[in-house]
Amino acid sequence: MAYNLKELSLKPERLTGGHRMCAGCAAPVVVRGVLRALKEDDKAVITSATGCLEVSTFLYPYTAWEDSFFHSAFENAGCNAGAIETAYRVLKKTGKLKDTYKFIAFGGDGGTYDIGLQSLSGAMERGHDMVYVCYDNGAYMNTGIQRSSATPRYADTTTSPAGKVVNGKQQGRKELTKVMAAHNLPYIAQTAPLGNFKDLHEKAEKAIYTEGPCFLNVLSPCPRGWRYDTSKMMDLCKIAVETCFWPLYEIENGKYTITYMPKEKRPITDWIEAQGRFKHIMKNEEAIKIIQADVDAQWAELKALANLNN
Amino acid sequence: MGKRDKLSGNEAVAIAMRQINPGVVAAFPITPSTEVPQYFASFVNDGLVDTEFIPVESEHSAMSASIAASAAGVRTMTATSSNGLSYMYEMLYIASMSRTPVILNCVNRTVSGPLNIHCDHGDSMGARDSGWIQVYSETNQEAYDNLIIGTKVAEDPSVMLPFMNCYDGFITSHSVENIELIDDSDVKKFVGEYEPAHALLKNTCAFGPFDSQLYYYEHKRHQAEGMKNAKAAIIKYSKEFEKITGRKYNLFEEYKLDDAEIALVIIGSSAGTAKFVANRLRDKGIKAGVLKIRAFRPFPFDEIGAVLKNLKAIAVMDKCTSLNDAGGPLFLEVRSALFDQPLHPHTVNYLYGLGGRDVKAGDLESVYMDLIKIIETGETGNVHRYLGLVE
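Sequence lines, in order, name chains A and B.
Here the numbering used here is used: position 190 in the first sequence is 190, and no number is missing along the way.
Here the numbering used here is used: position 143 in the second sequence is 143, and no number is missing along the way.
There's no promise every hint is true.
The calculated lysine-lysine pairs, modelled on DSS-like cross-linking and capped at a C-alpha distance of 27 Å, are [stated by the list, open to error]:
| # | chain 1 | residue 1 | chain 2 | residue 2 |
| --- | --- | --- | --- | --- |
| 1 | B | 248 | A | 96 |
| 2 | B | 6 | B | 360 |
| 3 | A | 92 | B | 188 |
| 4 | A | 289 | A | 238 |
| 5 | B | 243 | B | 284 |
| 6 | B | 189 | A | 98 |
| 7 | A | 98 | B | 202 |
| 8 | A | 96 | B | 189 |
| 9 | A | 174 | A | 303 |
| 10 | B | 202 | A | 43 |
| 11 | B | 202 | A | 93 |
| 12 | B | 202 | A | 92 |
| 13 | B | 236 | B | 248 |
| 14 | B | 188 | A | 93 |
| 15 | B | 188 | A | 98 |
| 16 | A | 39 | B | 248 |
| 17 | B | 189 | B | 256 |
| 18 | B | 188 | B | 243 |
| 19 | B | 189 | A | 92 |
| 20 | B | 202 | A | 96 |
| 21 | B | 248 | B | 309 |
| 22 | A | 11 | B | 202 |
| 23 | B | 248 | A | 93 |
Some residues of chain A that are not near chain B, with every Cβ distance over 12 Å (derived) [what the hints assert, rightly or not]:
| # | residue |
| --- | --- |
| 24 | 73 |
| 25 | 85 |
| 26 | 94 |
| 27 | 164 |
| 28 | 238 |
| 29 | 253 |
| 30 | 270 |
| 31 | 293 |
| 32 | 294 |
| 33 | 301 |
| 34 | 304 |
It is worth saying that the hints were derived from the structure and are not from the lab.
Note that CB positions come from ideal geometry on N, CA and C, so glycine has one too.
Kindly generate the complete structure, drawing on both the sequences and the hints.
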């Protein structure tokens, strides 16, 4: 069936309105986009790492989640989803459960790239039938915009401040999608909320309905941390993709496919100039050259990986 | 009818787990608890249980997985020791607050540093305020029995708290002793099915909210009520257990305390040595007794005070140091329990057996002799004492 957002948007929401995420934050948009890919008849258990998403969607005694939801700590969303999936298998094999359930974990880049990496890696290696979705906003936003290993080079954060002698974060980003590729998972994809959400939807659907451990890395702009006008969230995603800062690709059983090839790769200055966190380097040609070189190298490497398969 | 056997503590515990047939076991190896998941993994791979075993990548994940699987609606067990328990700490509090009746076999071992693999009670004692029920065993038989009883206690609807089945590393975990096993079918009947009121895969529900200052305090109160109810549940299920096995358990064991003038209050395997010494002293006409702690959480505060008040002198034995210049955890609670009593025996605290230091009959006899001296002189003397320390 051809992708049709209009029809899909008629499905009942599984993350209801009334949660307390900021205006202009992509995380709930990402979550709704992923959950829309669930078949209506399928039940789900959602786990979440501690973070903005968790504390803003499940404040006792209210929850915005229509499905069963589990949170316990910052660093274990991957492990938790795997454990619940294991309990599901036990109940299934002993004939105590009839319904079909799917298991989806959400974590920010803090709970995924950093403190939760061990738990995620363990769960993926053990082969649980689940999807881990990282909503990557490139810093520890919930605690007040501290740098993470997903924070881009030179970004101004509260623990990598743009100071008088040090101009923001000194290190490049960890490429988590490639770290996950080394786990030899059946399906891995990098996506973002874009246009009519086709890319996000199709990748979420593949991840949810591919048996085994699957991983989605989803760019998730944060207006507080990136410092953009809340109305610009979708524009930011588009620029990230068009500049190849955030290429769209998937890895199916080791096969890399670039799922969107920009007609003309936009200069990284388009990305930098759209965000207040890079304000201190907007006129710094040397810094911009280094960021452009990072992006170019990663893009070339990705293209090479994709070409290897063709 | 039970079956007599010769088993190590770890093997006995693993057999109890096989008989209980939990939904999920998640564990990470650490000496001396490692054998428990080892034995259990072979039960799984030999098709003797329905359990799914999750060989997690850390103890943090062992406890995380146990909590999550329990919340999903299945009976869940794990085992650890020492630093493994330390690594679970964050999750211990979350297990009890989530009211997930996870069962943890804590094979007591010294906590680093420095690194030491032998027995003391520093690991589980450090977790004494994490909201877990804690029961300690003297023998392999008790470790086996307490796991079966504890499963019922934890899952009682008035309790719904995780249960720590503590037994001494190596001394109990690895020593082979005679044991009487219960028939598989009797264990199955005793523990029954786990039927939680709320579970992720049973009814749509949510665990782990952000709990603001408007509710957190009341939730802690509920949790405290569960711990309070655990006392009655331990007594209730111990009595039910006695009916099928003839083995009698209570919150603590009173060994020759009725007419005793001096007593040791002690936890774990050394209680056996204490009883041996008390018998030897009784032969000489000395009125010696032992109070062996079984339930440390909930702490039988009123009951212990009532039993000890008529003694003349008591030595409270801590196989764990609090490094607080005030006394070990057992001492502070026992002495506090005596405060409300009309009579206050002389009460002293001994640290002993730290890092696996051997505790012999002669050592414990010297403690009883010290108590006699206290009675004779009427002077309590130094309250904080070391046993078996080379100065």
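Original post:
Checking against the hints above, which ones are violated?
Top reply: Result: hints 1, 5, 16, 17, 23, 24, 25 and 26 break, sorted rising.
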